[in-house]
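**Q** Whenever a hint applies, use it, and build me the whole structure from the sequences.
There are 2 protein chains.
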Amino acid sequence: MSDAYLLDSLPQQLGSDMPARDLWIGFDLGGTKMLAALCDERMEVIARKRKSTKGHEGAEAGIERVKNTIEKVVEEAGVSLDRVAGIGIGCPGPLDLNEGVVLQTPNLGWKNVPICELLEKEFGIPTVLVNDVDAGVYGEYRLGAAQKAQCVVGLFPGTGIGGGCVYNGQILRGPKLSCFEVGHMRVVPEGDFCGCGRRGCLETIASRLAISSEVAKAAYRGQAPNLLELAGTDLSNIRSGVLAEAIEKGDKMVEKIVRNAAKHLGVAAGGLINLLCPDVILLGGGLVEALPKLYSEEVRKAAEDFSMPAYHDSFKVVVATLGDDAAAKGAAVWAQATIESRG
Amino acid sequence: MSDAYLLDSLPQQLGSDMPARDLWIGFDLGGTKMLAALCDERMEVIARKRKSTKGHEGAEAGIERVKNTIEKVVEEAGVSLDRVAGIGIGCPGPLDLNEGVVLQTPNLGWKNVPICELLEKEFGIPTVLVNDVDAGVYGEYRLGAAQKAQCVVGLFPGTGIGGGCVYNGQILRGPKLSCFEVGHMRVVPEGDFCGCGRRGCLETIASRLAISSEVAKAAYRGQAPNLLELAGTDLSNIRSGVLAEAIEKGDKMVEKIVRNAAKHLGVAAGGLINLLCPDVILLGGGLVEALPKLYSEEVRKAAEDFSMPAYHDSFKVVVATLGDDAAAKGAAVWAQATIESRG
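Chains as they are written, first to last, in my numbering: chain L, 1 to 343; chain E, 1 to 343.
Everything labelled a hint here was simulated from the structure, so no lab data went into it.
The structure presented is a predicted model; accordingly, all values stated were derived computationally and were not measured.
Treat the hints loosely; a few may be bogus.
Intra- or inter-copy, both count: the list cannot distinguish identical chains.
Think about it this way: if two alpha-carbon atoms lie no more than 25 angstroms apart in a straight line, the pair counts; the simulated PhoX-like pairs of lysine-lysine are [stated by the list, open to error]: (1) K301 <-> K176; (2) K301 <-> K263; (3) K252 <-> K301; (4) K316 <-> K176; (5) K293 <-> K263.
**A** The structure is reproduced here in structure tokens:
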């Protein structure tokens, strides 16, 4: 009896040199900053460590910074690395998801970096690579605003527009690469040129960059006096918070431009509803956090206007709740699901 | 030894009143005709029975025709209904897939018909309802041109444009309804009005009906002399075979119009590649059967032009091979997969 009890309470702790592996690290590897979050079994964050990415220093130095951030986060929590059961790395693409290789990330300047192999060699801990937006959507599905949904379509307008879809508990992905490139859905065929080389992509009208460039024009013309005072006409200074503040202070033209961007996000959502019939449209990212009501309203309306009536009762529009932790927590819980499903 | 052998060869035949249930019926319930296909375990068709649907006679008479067609197909094969393990009904939507109810089918004129319950009551055989295009795509995935694909995106231009997606062996669907309404993807925002009430849907430029109406104009203007001679200017007479024949006889304007329609199908395919990264784009339906080379060429080219370069190596364009049997065989094999997975 007592033996059985012991085995039950310490399932993996078979000796003093083998502590229970009950913690998970989620790692958000972004273009400008990296964040490691150490999570317990319930995915509560017990320690965080941030560093700037310094992509210009190259991949080798970058991987050293990643390793160091991982070491620091467990150190800060005062636990041993031996307690970490798995590491999930959320990173912008393109990625080889099967081999765990960062193929290329324009923001990082890395090319063909076998990040999972390098970290597994260093720490001896199973490591899983996942697209950062997919991780964020999966995180909201498991821990945040989209729990228990059959199908979540996530739309994250930022500098570009990130998208991800969790269907029946799995991240929709290609055989090797991640997919769900909603930013390049064609919503305004005669619109501006996109970074991808084509015209009319959703990003050209609904990203923060697209909004910034249009409001900067308005400010230059004298139609956005508050914005002009807050940020001038340099796109780099026109962040989400500035847009929200200018709207609040009465810049009608800024509001009009942001609403039009949000509407087009809803047009894309409508198209995705016709294809996938999601029960949850999940909105997130800086713009949505700064203007949650405006975004929810416009996206819901346009999503209804641009989808089949048969689907109107089946979806709701929700705003992400995990904030800056979304990608890191999502990567941690995705690593847990992936590694535990391997047996 | 001999007992074990007997059990092996007759796994479900436990007495003379309980024959092995080793056959499956796939039923293609269309607006104008219905087709029952009796299939063996390997999904080879051992008997077929066709009837006209006569939707105008109402649902009750229609269900009687369905029952009768099922009885006739087993009669024709000379087998007992007791050998049928399951029935799959492929039907245009909207359908309640969970409850097995035909909610509404404009083509049939039926409303809220619990077809699965009615047939199960009549025959005592498990019955599964599935969207007819989904059934066709699933059939090609299991038995035809798209076998072993991780993700098949099926595009079937006809009077409208049907679409379906099989991802990791499952038909993508909503919580209750089928989805993947590719015909209403917005590809030409300033284009013609669609039957759905919006403008610019793929159907308005790439369906057989859209093509017919444009070539009829050309014929009227004297720019399609062969087509004019073959079919006149009545849209009802301008079928896929006529289009192919007019092109073969040298109607350059007809070819131009059909190529433009096929190109837009490829534009939609490109958008779907960015979203789902399918390994197979499956083309089917009357137009594609009549002009397989033209369609494959145009769709491949436009799909590349309108998708991200990272995905160009991961997909191929194939033409469906099951022909008129696709929906019936697909419904049969889907019923088999569904019923057997229930244990």
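**Q** Please go over all the hints and tell whether each is borne out by the structure.
**A** A quick look at each hint next to the structure:
no., hint, verdict
1, K301 <-> K176, "between (35 angstroms within a copy, 22 angstroms between copies)"
2, K301 <-> K263, "within (8 angstroms within a copy, 31 angstroms between copies)"
3, K252 <-> K301, "within (20 angstroms within a copy, 44 angstroms between copies)"
4, K316 <-> K176, "between (31 angstroms within a copy, 15 angstroms between copies)"
5, K293 <-> K263, "within (13 angstroms within a copy, 40 angstroms between copies)"
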